[in-house]
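One line per chain: the protein sequences are A and B, in this order.
Mapping the first sequence onto my numbering, position 130 (from 1) lands on 179, and the numbers just tick up by one.
Mapping the second sequence onto my numbering, position 47 (from 1) lands on 48, and the numbers just tick up by one.
All the pointers check out, no bait thrown in.
Here are the simulated DSBU-like pairs of lysine-lysine, each with C-alpha atoms no more than 30 angstroms apart in a straight line: (1) K256(B) <-> K231(A); (2) K231(A) <-> K334(B); (3) K231(A) <-> K192(A); (4) K407(B) <-> K334(B); (5) K334(B) <-> K256(B); (6) K152(B) <-> K448(B).
It should be emphasised that the hints constitute simulated quantities derived from the structure, not laboratory data.
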Amino acid sequence: MGPQAASPVDDRLYQRLVDLLSPPQPDPGPGHPELRPAVEQALHHEARLLDDRCYRHWLERFTDDCVYWIPLDPGGDPRTQVSYLLDDHRRMEDRIGLLETGWAHAQEPPSRTCRIVSNTEAWPLEDGETLARCSTVVWEHRKDRLPPFASRNDYVFASLGEEWSIRFKIVRLVDSRGDVRKFSFVL
Amino acid sequence: MSAANKSGNNIAAGADMTSVFDMTTATDLQALVQPHRVHRSIYTETEVFNAEMSKVFGGTWVYLAHESQVPEPNDFLASRMGLRSLIITRDSDGGLHALFNRCAHRASSVCQAECGSARRFQCSYHGWTYSNRGDLVNVPYPEGYPADFHKADHGLAQVPRLGTYRGLIFGTLNLDAPSLAEWLGPAGPLIDGFVDRSPSGSIEVRNCQRMIYRGNWKLAWDNAADGLHPTFAHRSFVILNERQHGGARSLSQFKSSPDDTGMYGADLGNGHMFVDQRPGLHQSFWDTQRPVPGREWYAEQITESSGDDAGDVLEVAPGSMINLSIFPNLLIKGNHLETVDPVTVGETRLHTWVAAAAGAPDEVNVLRMRIAEDFPSLGNPDDLELFERCQEGLGIAEVEWVDMSKGLGHETEEVSADGVVRAPVTHEGPMRGYLRAWLELMSSDVKLTTAAAGEVSCEVAA
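Isolated chain A, as found in the complex (with noise of 0.2 angstroms):
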């Protein structure tokens, strides 16, 4: 592995992830039906590399200032709580980099996992970034069939279409105020 970028977390970036998750949220009112293709198919692509635990690829597909950001209190500040994981790309290549070296016993055997993707909307932002939000299931087979974990995740993408890119993802979990089983691969 080569040397790694510095990372881009800032004190403007973590206002930007605050923002888009702060609560009173204005309803946008509905989203826009012409975005609606593009980032369900982008949603879909995602969903079948993580499957396939194609992560690399997928790590592809993000920003190089991207977050990648599980919260545990959704509506928090990333500077003053912390997170189950609140990941730059740096840390992420690290996340993909320790199933890679063979040794990630929770990983041994792998989850099988089939991901439900639904609720799409979308809106545009400024820039040419769009903002989509929909509900996921992920249903997890290791060992014994596992309880699915449920979230409501928030994606800022940069691009749309074939080369798509995502700048933010993030995954509310229904249940992160609860106890949560260990996860060891990508939501």
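Fit chain B to the known structure of chain A by using the hints.
The following block gives chain B in isolation, referenced to the frame of chain A:
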């Protein structure tokens, strides 16, 4: 001890227990916990678990909360003592209480919130209303009660003895337990070391990661001072850091021959355990810290604002490089206060509360938040996986013993004046030590008591 027990709620621990084989008699237990091995049944038998829930999680000091979680008058926080749901309150005069979350009327829980501020707790079922000291202040339509019904007799039951040490709040239901200071013993100064990393000498407990695993609570305890496992259990983490970041990064001190590094484990007595990883480091905490999101920008801010002191300021961000385990339910490690909460004999919750350094620049605590996600999300899943594999193996009834002999009979132990037994970090002495304390508690006759409002003592150990 000022706590009395006018309400007469004495419960003899384990008195009504029926079991296939009587786990609660001292002689049987002694056969299960031997100097070099323990029997599988202490991890698998419901009878043992039930006895633990009274004799250990009640019969001795149990960590309940941190004072920074109830900083202002009338603040409250939900907590547990073993299987008992508690409300930790600070009354309007600043006094601390640990109220059982159980209406004195028909047993419904009276508080559903995790935390907040409240002067009163009203039961939603029939409207009995309590103060945050636990007094019953109101019942609806009081004229229907018998003449000898006195509100003073029907407050929320509460933990009769509380104690605090450097902001940590402990409680016990055992009026005969030693003082908190005596119970903590040599663990006290080690808590000081953890807390005093903060510039203002106190920590501020923030939010918590909640995980559950399918295994007995003592598997987390066996692991807490186990310096042998990182090399193997966390091999993925060690290899990753070497590949991606090179040099002496987080956990590299366990890459090979950890006993040659000077790291040690210690049996502190009363079941408390300690691992000191600091002798294994050859650079500053900050230089060995894996790069976390925001590392560069925040370090730059700190360098600008703190000038020549920046190195010292940054040193507060990474974890403490110690593992200090306060029996039976508090694991202090990294920048965390992790509670071990038994659910059933084969299921355990781990609640990992993150501590911010009070008095440090905000930027340091932003880094602490990201660092607090690092090992817990990359390394801990492997620990939990291995706990679950152990529980699976312990289910095989015919293979009975768990070996804990590493270090026995070797002339490598050092005993200090305060009774602390130190040994190389891969030895299993601390494990044997906590099980000795466990055995002593489990073999004792413990009388558990609850108190009414106004009958509670709170001792300040430091």
